[in-house]
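Going line by line, the protein sequences match chains G and W. Its first residue numbered 1, the first sequence is counted upward by one per residue in our numbering. Its first residue numbered 1, the second sequence is counted upward by one per residue in our numbering.
Please note that a few of the clues may not be correct.
Partner residues aside, some chain W positions facing chain G, computed with beta carbon under 7 Å [stated by the list, open to error]: (1) SER245; (2) HIS249; (3) GLY293.
Chain G stretches covered by chain W per the calculated footprint, using a threshold of three residues with CB under 8 Å from any CB of chain W [what the hints assert, rightly or not]: (4) 222–231; (5) 283–293; (6) 334–348.
Hints are computed from structural coordinates only; laboratory data are not their basis. We put the CB at the ideal spot given by N, CA and C, even for glycine.
Number of protein chains: 2
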Amino acid sequence: MTVRNMTASEAAARVANDLAARRDEILECIAAFVRIPSISAISPTSPAMHQALDFLRDRIAGSDLGNVQLLSAGSGHPTFYADWLGAPGAPTIMIYGHYDVQPAHRDDGWLSDPFMPEIRDDRIYGRGTSDVKGSTIIAFETVLAWLRVADGCPVNVKLFIEGEEEIGSPSLPTIVQQNRGLLAADAVLSADGGRALPGFPSLYVGARGLASLELTLTTASSDLHSGRFGGATRNAIAEMARLVSSLHHADGSIAVAGFEDDMTPISPDDIKQATAFPFDAAEHYAGFHGVEGGDPARTPWERMTLYPTIEPNGIWGGYTGLGVKTVIPAMAHAKLTMRLVAGQDPARARARVETHLRALLPEGVRLEVSHGGDARAFSLRLDHPLLLAAEEVVTLRRGRPPLRVRSGGTVPFTQIFQEVLGIDTLMFGLATGDENAHAPNEFFRLEALDEGLATWPALLAKVGQLSAEAF
Amino acid sequence: MTVRNMTASEAAARVANDLAARRDEILECIAAFVRIPSISAISPTSPAMHQALDFLRDRIAGSDLGNVQLLSAGSGHPTFYADWLGAPGAPTIMIYGHYDVQPAHRDDGWLSDPFMPEIRDDRIYGRGTSDVKGSTIIAFETVLAWLRVADGCPVNVKLFIEGEEEIGSPSLPTIVQQNRGLLAADAVLSADGGRALPGFPSLYVGARGLASLELTLTTASSDLHSGRFGGATRNAIAEMARLVSSLHHADGSIAVAGFEDDMTPISPDDIKQATAFPFDAAEHYAGFHGVEGGDPARTPWERMTLYPTIEPNGIWGGYTGLGVKTVIPAMAHAKLTMRLVAGQDPARARARVETHLRALLPEGVRLEVSHGGDARAFSLRLDHPLLLAAEEVVTLRRGRPPLRVRSGGTVPFTQIFQEVLGIDTLMFGLATGDENAHAPNEFFRLEALDEGLATWPALLAKVGQLSAEAF
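Chain G extracted, bound-state conformation (with noise of 0.2 Å):
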């Protein structure tokens, strides 16, 4: 669709030309937004919650964007909503971001405050800079400028911006479903989730989905003496030993019969496209100390984006203060989770887990197993109109396709989306994995903001030239 007088293309030229001339004026926008601490793990009545939703609101104030709502399942933080639905026959395009950031302490390892944004050699640094204030405001931005200088958007709008995404987005379910009617749309554009490596074209077409198990394995009514009875009754840190590392080959590869049954068969394109990703395992390993495990028949990046995990996250048991104590412990506790790919079910996973664990329980020793929200893996259809433009307009850009890339995280509200309104999601964020998301020193590159305000204009053009039923 073309917007008044201009072609799409004239339209989004000039759009992307304004975006960049106020670029300054962005990266301040950005900058303020990570300014307010808005920690979505503090309790809901945190004031920088509402400051957060208060600089949403400024922002499109004035905009051809309404009907600004906050949606709330009742409890915890809102997420924010506004549309701009002025094309129609056009595309119905939801754009996700959210607006909460992980905690930072200063004396965590901060360089400069968490919150008091700084730019040093062409990244800006702050909490929440690269996940995900920074692309969120790109997104925005791109849609006012369409909205101010070419007098319409090529694509109806729905911004959803999430308050709950670092806290596990508990109330996401339940706003999604309480609002089919108010959310339907063609597809999601996230701008959340993006690049896989700096200065590398790429774009991701699915992530791993998440399946969790917490042991508890109990001997005895009570700790023994390791005198009086050691040698002949069971002691449930080397029983639960037991169970963890029949999890895994000596190689590191998973042991637990069938649990690869259910992935839907390795395209060949995701083995080329794997193959074809610039990774590093040297320098991989190197950045942090690491040793290479897994099954050895496949290469590192396949094995981290393309296959499920099963890892121990945590176990305890016994006596763990200083020096010696001659206990034989009746308890002991491990956290497991898995990462899951398409065509495996969480609920079967954690089944096909728990099934050949007990089978190696030896008869009396006890083993509660209790779970965690689940995540099924998510997938990007190759033929996607949405994934189809965006590798047009990146390869425009960049002068070359970007490699299909498969998360190895898990990304909950792309399978939300397409459960509750039947939707895909491309991920067209700008951040990269290694800017220190979660950590003491995120940033975010200059060079990230300049790619997204030339190529979220581009997008919107180009997806505004489909028909609704493409979709």
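Dock chain W against chain G, hints included.
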């Protein structure tokens, strides 16, 4: 040796009659000793430790015991020493006991104040009644009664009442080393360590040794995100679980190559005595809702007394709080102790385990190993004159010979007396392992008091008939 005009057995009978007649007075003496909360875990300035020393000094005041000394290593709680050396030519026996007790808090589940002893169901309840103030007073009162009633003891006596047994006897090696002349004796008779079962005649002829290992395993310089890194990186908990689980076969028997190679072969008599021990496995395991483990080719009682063990005592690593944290932990820890039997050198046993573990370590995974104090196993030779004398005394009293039992626990002081003074220890205490030592509601059986007041005088008489050369 006989005292004055009485035969040894006449004298012993008179002493035993005197003690039996004064049973209530002696029971009150135990109660008074228990009322002093002489907890060695509290700093050396604790007034109760001084009260306990004053109590012992007052108890022997006016008797022929003299040369009272407080033996100290410079810091810590001193050992109370006194002697009577009026039986030239007769053996010199060191009598070992301890005046310190474990901590106790009423609200840990005590039915009565731990330091206000109560008599219920023919038992005296209170901290230290069983471990080991009851048996220490029996030994004390026996010596005092011999001196008073028979005007002399059948043996030369050196009382050695330690103040740090419950905190691992840190000063004991130094105290014994620095007082070798003063402490010279033919053998040690211990009020600590005694009966394997209530109401069943037995004598301990050995105890297992102890060695410890603490493991710290590192796979990376920091914890990693399980989404970004999972599937291609070693996980410290998974690696630690593999190490710990490698120590035992699935049935619970030890899997460390060569671990039992250094064992002194188990004698036919040991097997015979272990087989004769009235051990009810079903009752044993039901008592703590426990599960049998260990080499099924050996009986549980054999495994607990004649064979070595390796037990994980504690394990920790990664996230152990509420909920789910998707982390690949970079570090994990475990504590291990071994119970050792005759022939096993603690340092060599530790080295065997460490070699076994390092052989399993993937290249690049780091393992640090540290250790605490060691103790060798203790064995009393089966023709030791103190043992033969005690067997005679018990046989006479009970109408059947006592079983020889090896304790699964560790009694470091026997080893120290053996190494520094070259003398053996017979444990002739009256406590049994089911009396809640180190736990709430510790008690001592009044039946055991009566038994001790009868057998201790007879044992001293019997040993007095030996020449010092017999040792």
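Status of the hints after comparison with the structure:
1. SER245: Where the cut-off is 7 Å and the nearest Cβ of chain G is about 4 Å from W/SER245, the hint holds.
2. HIS249: W/HIS249 check fails; min Cβ-Cβ to chain G is 10 Å, beyond 7 Å.
3. GLY293: Hint holds; W/GLY293 Cβ to chain G Cβ min 4 Å, cut 7 Å.
4. 222–231: Holds: 9 residues of the segment 222–231 of chain G have a Cβ under 8 Å from chain W.
5. 283–293: Result for this restraint: holds, n = 7.
6. 334–348: Check passed, 4 qualifying residues.
In terms of the numbered hints stated before, the structure departs from hint 2 and from no other.
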